[in-house]
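There are 2 protein chains.
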Amino acid sequence: MLGDRRRVFVAEIRPVVDGGALEAKAIQGVPLPVRATLVADGHDPLVAWVRHGPGEPPAGPGSVPPRRAGEEPMLAEGNDRYVAWLTAPATGQWWFSVCGMPDDYGAWLRDLRIRFLAGQDITLELEEGVLMARHRLGLRGVPAADRAALRSLVKTLRAGDAEARLVAAEQPAVVELMRRTADRSFATVSPALPLWVDRPRAGFSAWYEMFPRSEGADPPRSGTFRSAEGRLSMIASMGFDIVYLPPIHPIGTAHRKGRNNSLEVQSGDPGSPWAIGGAGGGHSAVHPDLGTLDDFDHFVAAAREAGLEVALDYALQCSPDHPWVTEHPQWFRHRPDGSIRYAENPPKRYQDIYPINFDTDDAAALWIALRDVMLFWARRGVRAFRVDNPHTKPFRFWEWLLREVRGAYPEAIFLAEAFTRPAVMQRLAKLGFSQSYTYFTWRNSKWELEEYLRELAQTAEADWFRPNFWVNTPDILHAALQHGGPSAFRMRAAIAAITGPSWGMYSGYELLESTALREGSEEYLDSEKYQLKPRDWNAPWSIAPFIATLNAIRRRHETAIAQLHTLHVHHVSGDNLLCVSRSSIDRSDVLLLVVNLDPHQTHDGVTWLDLDALGISATRPFEADDELSGETFTWQGPENYVRLDPSWRVAHVLHLRQS
Amino acid sequence: MLGDRRRVFVAEIRPVVDGGALEAKAIQGVPLPVRATLVADGHDPLVAWVRHGPGEPPAGPGSVPPRRAGEEPMLAEGNDRYVAWLTAPATGQWWFSVCGMPDDYGAWLRDLRIRFLAGQDITLELEEGVLMARHRLGLRGVPAADRAALRSLVKTLRAGDAEARLVAAEQPAVVELMRRTADRSFATVSPALPLWVDRPRAGFSAWYEMFPRSEGADPPRSGTFRSAEGRLSMIASMGFDIVYLPPIHPIGTAHRKGRNNSLEVQSGDPGSPWAIGGAGGGHSAVHPDLGTLDDFDHFVAAAREAGLEVALDYALQCSPDHPWVTEHPQWFRHRPDGSIRYAENPPKRYQDIYPINFDTDDAAALWIALRDVMLFWARRGVRAFRVDNPHTKPFRFWEWLLREVRGAYPEAIFLAEAFTRPAVMQRLAKLGFSQSYTYFTWRNSKWELEEYLRELAQTAEADWFRPNFWVNTPDILHAALQHGGPSAFRMRAAIAAITGPSWGMYSGYELLESTALREGSEEYLDSEKYQLKPRDWNAPWSIAPFIATLNAIRRRHETAIAQLHTLHVHHVSGDNLLCVSRSSIDRSDVLLLVVNLDPHQTHDGVTWLDLDALGISATRPFEADDELSGETFTWQGPENYVRLDPSWRVAHVLHLRQS
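Protein chains in written order, with the numbering used here: chain A, 115 to 773; chain B, 115 to 773.
Just to be clear, a hint being listed does not mean it is correct.
One copy or two, either will do: identical chains are not told apart, so a pair holds if it fits within one copy or between any two.
Within a straight-line C-alpha distance of at most 20 Å, the following computed SDA-like cross-link-like pairs (lysine to any residue) qualify [what the hints assert, rightly or not]: (1) K560 - A350; (2) K462 - R373; (3) K462 - D589; (4) K269 - W722; (5) K560 - A273; (6) K560 - A420; (7) K462 - A232; (8) K462 - L407; (9) K462 - Q234.
If you are wondering where the hints come from, they were derived from the structure by calculation, not from laboratory data.
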């Protein structure tokens, strides 16, 4: 401490999770902003940069040899904040630290120019510049070319008239040379912070959920993996990336639920796939009605061929018929009479489900068994898992599990299905879930959507929470869809697909399925959770082509849509229009969504675009190509008129270009 | 990690500075809110508490024996935030950690009641309660009385009808017993975070700045410490706590500045006290015109007798005549021609000042010498230092110095005089300055004041930044005072004294001195910085009695005014009225300031009080005693009419009472 000559303090670094105890998120190839506050005493400018490299954060990041660490200069953003955009070239662990020190040459140069303009004699000051160059010549590790340039600078600063020497000192190449060779003995280097770098699909994906047993079913005969393969090409042609299957395991018969969640089961009712485990096995088995493990492997391969990857459900609960109930009774809770405690939400009872008891003294063995389930499916090629209700299982289990699985499969993706309190959803994301379900389904008004999008993109949550916007799920048929008609389905899909870096849809959405179990419920009538549901995918009212258009726009503009940090909400008049832009870091790819939130009536209004955020000049017109309609509009300045009649046009998705 | 059974995660703990690398601030005897987010899986309630104790944070806070650590229960505030109010009994280092675990008994009890009301048989569930009590009986360290109570509970839970047993289980004493004796084996204990506990005056103080050389001066004859003692009783009777003296050291003669900062010095001009060092010595000497060190000691003793403490200026700069210039030339910067570099802000030159060169290779010796200056004055009884321009000296020097001086004198107070960028002012406060000058002087409109007060009281800054609101300084005579007349002086003093936990005034304010050097300048004409300025303190226009009333209100309501965390801005109509409440934690002491910000015209309006924040019921009237006028108003509900004619009443300072 005594005599410490480091002048800079670094603080408020982002991205960071729990002070560096957990990894912040990055995506391979997608620029990530690293920001920090750097201050020093006095009024001199600073140089700031980010050091970064693969692997675990080194204890002493300053000691990492330069060849093992990358460097990225940080730029001042105002208010003593600095930013660098980091792009990780590979998946896996990564680290960075923020470094800074006073810019001695920059300060000298600034003052030199002021002194000169004030008519002061700068001869002595120029000699200070010579001393700075000479000091650099005395440092170790300065490359030969730079040494030659420094020697040349010493001569230049001593030859010619004052102005010529000043101008020479101001040459950008000289400034760059002096920064590059500056003495870093007293630079401040922050502790290294950890990042986890995911593959691109972790941050940019379109999910499609389907029950394979419904595809090719002829009730009561179940569909199979083989018959479900016939559906894959249609899903792929809608532009989805991931096909997610609810649990594919044997289903218990004890207390099986009948149609519409009835306690009365009827012959032929297949039961809920989430009541996992039966005579045919548990979490590592496939339901015999669907086929064999080989059939599953064939399905995964067929999906891959169609350009899709398969995501499985990871649902940690058991039916009373699950093999673990007899093999490992200690993994369940027992009541004082010795019976196993079924799931309850008092006074409700779910006798078809036995929750796992994580408080068991046999916790270590339990965790390993649960991990091995995931590794079992990973070994069969599954790299994406939708995790069922993770918020009802211990957080430290997830932290450990995700680390274990990623250690073996760094490309694994985990989607957290937790619809609960904000702090709990944030906690799961912090612990490592790659993506999270969100409140999107319940954000329908303009102010709700604006506030939620700003929260997700512009607060610290963006360091760890990756939203996946689902327009529906087997559990959630929102009232807006029940009563909004076809326009509501198009409108919600457009918002999800364009504002969400990831989005998802449960099958039937494209057919406008909208009948709830009863008024006020978000459950589907005749829910596929409890019965087979073959569908006519070629129904004339299908909006599959519209969905395909949305996903095609997403793929064309991946650099914009995958970049959550630049999402920007723009002002637009009225309570029924929403205006949001998505753009790449360099603003070479800018999309503007203007959407009518009222599925019933036409609304018009005027935008007030934040042109700076769009990288567009107010003084010249710009082109707005509507990628939904194929039209091109010519706009200028922040104010532009829009009118959306939902009966034939729910939104503009405009690609903005200015030459 | 594997099998870890701790269910709770603790995050977003406050107060915290730089993740715990630096100490957050507390005040002896003043309740400090400790807040954190605690989450666990599932939906069960949690128990949360704060452990705390004196000294450095233990590496493993869980291992501190209970007798050495205090405990405070945390209460849920909603959104998974919990709070405990901690009151440190002594000054010095302190630490706390946040702990939590599921409330097994609370969850069981909640479900038991629901089951019973739903008509379910709860016999088996009651037996679960018995098992919980028995588990506690098996734990070590349960006191004998609790063991007896647990055994009695076991019997109660097995006797009588279901409802009687349920009611017995719900008794608050039983709930408390079961919480107190709960098994903490799997409790989560956060890392311990450091606090620095200051004496009360660090957080609640009224400062008065005076130049002792002016008191009893007969220009060109200087006043002395002895003559200045005559002023102390008047300062004390105005209710101030601290009398702060600009530098009292010998003043250099080389390049001495004349009156009104003139480069031309005239015979008898005393020079600026901040040009420290001359023939008579440097930072550890007193100016011979003021007297001797003995005279200084006598002044300090006289102040103490009057109920005042003396604060000295700690200004790290030297005149060219300072002894260090010849004794330690390496502590100054040298130009290439060997001359010492004087202070500059190019193109401006300050040839009367030599800045200290902290980049010297002799930094360790320099730091020690600078520390020894402060220790020299501390040994003479000085415990408060106003630090001049700390932002132009290295931050790590301050971090070290403050720690060193506090190590010897834990009651030392340091006021940072840094008027600069927010991040720099925050950094200094984070490093340990007890109080900070603020932007208060430049916050005059309603929205500026509201926004600034909210920032200071309700953001994380409150964890480390203690504002001191100065109404003027020898450098700052704000235009609002130059043009606002007597009402402006009263109005600004009322805002500073009532909203600021600490406030300050430079002498002459009470005499309404308002003449600037020139239009557009904040410098005083004939500034006391450059000349002696004896005053007639008994001028009939003096507002000293008003100042005394304000300070008397502060002292009567210290529990409210010293508590920055509860400062609350209330809505009041119009752009010229400001309404702010101050209250103690338990709301037994609530003050409401309503002030007219326009010194020229009467304004009226209607308050919209946040009654919850005031702890006042809307259904009954309450009394509002105006402590400035002696009147009592009877108000009810949030809406109350106010009218303030600044010619005779600039503000209400209302003590609110509801029986």
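Results of checking the hints against the structure:
For the homomeric pair K560 and A350, neither the shortest alpha-carbon distance inside one copy (32 Å) nor that between copies (59 Å) is at most 20 Å. Only within a single protomer do K462 and R373 lie at most 20 Å apart by alpha-carbon distance; the minimum there is 19 Å, versus 86 Å between protomers. In this homomeric assembly, K462 and D589 come within 20 Å of each other (Cα to Cα) only inside a single copy, at 18 Å, whereas the closest approach across copies is 72 Å. For the homomeric pair K269 and W722, neither the shortest alpha-carbon distance inside one copy (55 Å) nor that between copies (72 Å) is at most 20 Å.
For the identical chains of this complex, K560 and A273 are neighbours neither inside a copy (66 Å) nor across copies (59 Å), given an alpha-carbon limit of 20 Å. For a Cα distance limit of 20 Å, the shortest separation of K560 from A420 qualifies neither inside one copy, at 38 Å, nor across copies, at 64 Å. Proximity of K462 and A232 under a CA criterion of 20 Å is satisfied inter-copy only: 9 Å between copies versus 83 Å inside one chain copy. Taking the shortest alpha-carbon separations for K462 and L407, neither the intra-copy value of 36 Å nor the inter-copy value of 82 Å comes in at or below 20 Å.
For the identical chains of this complex, K462 and Q234 are inter-copy neighbours only, at 11 Å across copies versus 86 Å inside a copy, given an alpha-carbon limit of 20 Å.
Violated hints, listed in ascending order, are 1, 4, 5, 6, 8; each of the other numbered hints is respected by the structure.
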